[in-house]
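Each protein sequence line maps, in turn, to chains X and G. Those letters in the first sequence? Residues 4 to 425, per this note's numbering, in order. Those letters in the second sequence? Residues 55 to 445, per this note's numbering, in order.
Quick caveat, the hints were computed from the structure, so don't treat them as lab data. By construction, the Cβ of each residue, glycine as well, lies at the ideal position given by its N, Cα and C atoms. Treat the hints with care, as some may be off.
What the simulated footprint calls covered on chain G by chain X, stretch by stretch (three residues with Cβ under 8 Å from a Cβ of chain X suffice, anywhere in the stretch; the number is not a length) [what the hints assert, rightly or not]:
(1) 151 to 158
(2) 230 to 240
(3) 328 to 335
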Amino acid sequence: MEIARKFKSAFSTVPMLGWMLGILTGVLIEFYWGYDYISYYLGLPKIPVLFGTLIMLKEPMMIPGALGYDLAVYVVPVFLVAKLTSGLTNPLAALLEKLPLALSVLIHLVLFYGILHLWAGINDYRVLVIKLTMISIILTVSINVINGYQGEFSCSHPGFMALGAYVSSIITLVLFANDKIFGAPLLPPEYGPWFFPLALVAGGAAAALGSLAVAIPSFRTRGDYLAIISLAFMFIVKSAVENLHIIGGARGMGGQPDFAPLHVIFIWTILCIWIIHNFVTSIMGKALNTVRDDEAASESMTIKTRKTKMTAFMFGAFWAGVGGGLFAHVLAYINPGMFSINRLAEILAMVYFGGLNSIVGSIVGAVSINVLGEALRPLELFKWIIIPLILIFVMIFRPYGLISFTELNMKKLLRAKTGKGV
Amino acid sequence: MRKIALFLIAVLALAMVFTPAAFSARKTIIKIGINAPLTGDIPKVGEGSKYAAMLWLEDVEKAGGLEVGGKKYQVELVIEDNESKAESAVKANTKMITQDDVLAIIGPQSSKQAVPAGEVANKYKTVMISPWSTNPNTTMDRPYVFRGCFLDPFQGPVVANFITEEFGFTKAAVLYDVASDYPKGLAEVFKAAWEKKHGPDSIVAYESFTTKDTDFSSQLTKIVKSGAQVLFTPQYYNEVPLIVSQAKDLGWTGPIVGSDSWGSAETVELCGKNCYGLFFSSHYAAAGAKGATKAFIDRYEKSYGYIPDDVAALTWDALKLAEQAIQDAGKISGRVNKDRAAVRDALAKIKNFAGITGNMTFTEEGDPIKCAVIVRINDKGEYEFYKSSCP
Numbered sequence: 004m005e006i007a008r009k010f011k012s013a014f015s016t017v018p019m020l021g022w023m024l025g026i027l028t029g030v031l032i033e034f035y036w037g038y039d040y041i042s043y044y045l046g047l048p049k050i051p052v053l054f055g056t057l058i059m060l061k062e063p064m065m066i067p068g069a070l071g072y073d074l075a076v077y078v079v080p081v082f083l084v085a086k087l088t089s090g091l092t093n094p095l096a097a098l099l100e101k102l103p104l105a106l107s108v109l110i111h112l113v114l115f116y117g118i119l120h121l122w123a124g125i126n127d128y129r130v131l132v133i134k135l136t137m138i139s140i141i142l143t144v145s146i147n148v149i150n151g152y153q154g155e156f157s158c159s160h161p162g163f164m165a166l167g168a169y170v171s172s173i174i175t176l177v178l179f180a181n182d183k184i185f186g187a188p189l190l191p192p193e194y195g196p197w198f199f200p201l202a203l204v205a206g207g208a209a210a211a212l213g214s215l216a217v218a219i220p221s222f223r224t225r226g227d228y229l230a231i232i233s234l235a236f237m238f239i240v241k242s243a244v245e246n247l248h249i250i251g252g253a254r255g256m257g258g259q260p261d262f263a264p265l266h267v268i269f270i271w272t273i274l275c276i277w278i279i280h281n282f283v284t285s286i287m288g289k290a291l292n293t294v295r296d297d298e299a300a301s302e303s304m305t306i307k308t309r310k311t312k313m314t315a316f317m318f319g320a321f322w323a324g325v326g327g328g329l330f331a332h333v334l335a336y337i338n339p340g341m342f343s344i345n346r347l348a349e350i351l352a353m354v355y356f357g358g359l360n361s362i363v364g365s366i367v368g369a370v371s372i373n374v375l376g377e378a379l380r381p382l383e384l385f386k387w388i389i390i391p392l393i394l395i396f397v398m399i400f401r402p403y404g405l406i407s408f409t410e411l412n413m414k415k416l417l418r419a420k421t422g423k424g425v
Numbered sequence: 055m056r057k058i059a060l061f062l063i064a065v066l067a068l069a070m071v072f073t074p075a076a077f078s079a080r081k082t083i084i085k086i087g088i089n090a091p092l093t094g095d096i097p098k099v100g101e102g103s104k105y106a107a108m109l110w111l112e113d114v115e116k117a118g119g120l121e122v123g124g125k126k127y128q129v130e131l132v133i134e135d136n137e138s139k140a141e142s143a144v145k146a147n148t149k150m151i152t153q154d155d156v157l158a159i160i161g162p163q164s165s166k167q168a169v170p171a172g173e174v175a176n177k178y179k180t181v182m183i184s185p186w187s188t189n190p191n192t193t194m195d196r197p198y199v200f201r202g203c204f205l206d207p208f209q210g211p212v213v214a215n216f217i218t219e220e221f222g223f224t225k226a227a228v229l230y231d232v233a234s235d236y237p238k239g240l241a242e243v244f245k246a247a248w249e250k251k252h253g254p255d256s257i258v259a260y261e262s263f264t265t266k267d268t269d270f271s272s273q274l275t276k277i278v279k280s281g282a283q284v285l286f287t288p289q290y291y292n293e294v295p296l297i298v299s300q301a302k303d304l305g306w307t308g309p310i311v312g313s314d315s316w317g318s319a320e321t322v323e324l325c326g327k328n329c330y331g332l333f334f335s336s337h338y339a340a341a342g343a344k345g346a347t348k349a350f351i352d353r354y355e356k357s358y359g360y361i362p363d364d365v366a367a368l369t370w371d372a373l374k375l376a377e378q379a380i381q382d383a384g385k386i387s388g389r390v391n392k393d394r395a396a397v398r399d400a401l402a403k404i405k406n407f408a409g410i411t412g413n414m415t416f417t418e419e420g421d422p423i424k425c426a427v428i429v430r431i432n433d434k435g436e437y438e439f440y441k442s443s444c445p
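Excised from the complex, chain X in its bound form (with noise of 0.2 Å):
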């Protein structure tokens, strides 16, 4: 315990700026000297993908060489370099102080993505991890919305995610891509990526207006209502999409044109973040955690519960819809049996994993659950079991989830740390 104090200690001067260059210097290592020399005199076969855990579990012989592959290009380049640079990066880091702190959050962020395109440009299936690793979040972040800031139980966030998904696929495919049922497509596919985003909102604004078959007769009551309603919207979603032969029907729709690159989706995911911690940080936001702790209560101090409420259920839905309309294009293939309830237990078990009402850990959520459930793939059936284990502790000990009622704070996080005043 003591050298784990000592070790935060002696940590706890190095800004995000020092630990995201720490990152960039293992993510080179990896990227020039990978698969060439370390993974080759460790007798790895390859450079191992998510930290070797994949090919832990599957060749426990090659444990030792997985490991030493993460302290060689991770662990050691990491701290080191965080440590050793963090009399230049913490200068740097107070000079940005300075700046506006939008100003200094992209900045950040353009950091960020950098680090993660080399990361994930070393392998396709990184990319592909990442790629639905951010539209869980998308989907977590949108859900905490509901289940989290406005205290309902919602279940038919799958029903949004299949509304935008259909809705955003039948626009670029009837638009943008020569497609079986649609035929030839109306517009230059050349303009597609930049009408990518219109058809994505129109996905979105449709799962917002499916949203209002849920709100309208839901909102008079309280409870489990809406969570038996929000449910069988989720399953008439399903057995419409089934039904409609135009699109597929049970078959399913594919050939969607690859409009969703990685730097598209991190836009969108930043975007999302952004949008709804605004939301909820709001006056709107701020009406809406008191309708959840005494709704009587705060009707009489002026607040337009009903409104208020269909207001952020709608905004939780139309975020659904877009992250359902980049799923779609990620794929490339929908069918109406992915938004089933598998998804939705999916989908909660990432939020309250994570932790309500915090937008933090609705990303901690996505992220834990998305790489776990890869990181465990060899195990098949176990996996099954650890998961839902893990989920099970977590409710037991930490009741609201991992980290909750935690609001962003960019201020805080991207500061200097001079080692006084932490």
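Based on these hints, arrange chain G on the given structure of chain X.
Same frame as chain X, but now just chain G:
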């Protein structure tokens, strides 16, 4: 101490500079990916594929590796679980192609996973053979994707012809799952084929239900009352027993005919005597099999304790096809992109491949031309060869 450390670092740095030539000597291993639903809705299908692949690997290892162009190469299987989910199948394919450098992929089995996974395989120009997927979209416009079984548009008419010739019936009923892509597609194809033969009103009842339904009595009552002479139900092994026993309880006396999705080892186990004497179209019949088919069945049963179903047999054939394509490609250069293209070209050229589920020749689209088998469930509950039907 410090000096030794510095010296070591210097030596290591020098070694790094001067040895890049040695790295190309990484051993060339032929890797075959298996993308199978080991967990999820249809684990039995995944198990069959995995076991068939393991038998195949056993053979290859016994021979000391796969001989290509006079040189023996070690073979490795990369078995990935797709959880019967589309995005998982896509992830598994991406991983196997970009991380594990597989030369070819066998699977996924069901169309729901094979259609999106085929997109990935085609994008990265890697041969993928789906042993069991019958959806035309799996291989359509994808030069790198092949399949080991016949398609729904072929199977539907085969069943319609068989019923007409065998029983001379003119009125048929269909019961299918509207929410599942395979039964729905096949029901439509069958309906079209039947109506072409017997006129527009010859399907007297066309009833549907939704996945995970367990009570079919209202649909079956309608079917019994409709005066149909035969019931066609292209459902999976977990639904067939329920449908058959409920139909009998409601007074259905005519034959019930199914499709290749019946061919699981579980169907009869769950259904019992109720299913004896029924027919379905399939890829192969275990009881009364001869030659290589029998050898495979016996080996499988000895190793794993039950008679393999069609998925296992088709996976075996797909692996054999991949093996032959790799051998026909002539040589392994070690550069996986080049080798994948060579394997693809060799696979597309294969003619009259003698598989245990019949002879195959590939069309332009990567679909095999092969015969269907009509199977009868005999009085011992075995799948018996009844008739063969060729296009």
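(request) Just pull the numbers of the violated hints for me, sorted ascending. (result) Of the numbered hints, just 3 does not hold.
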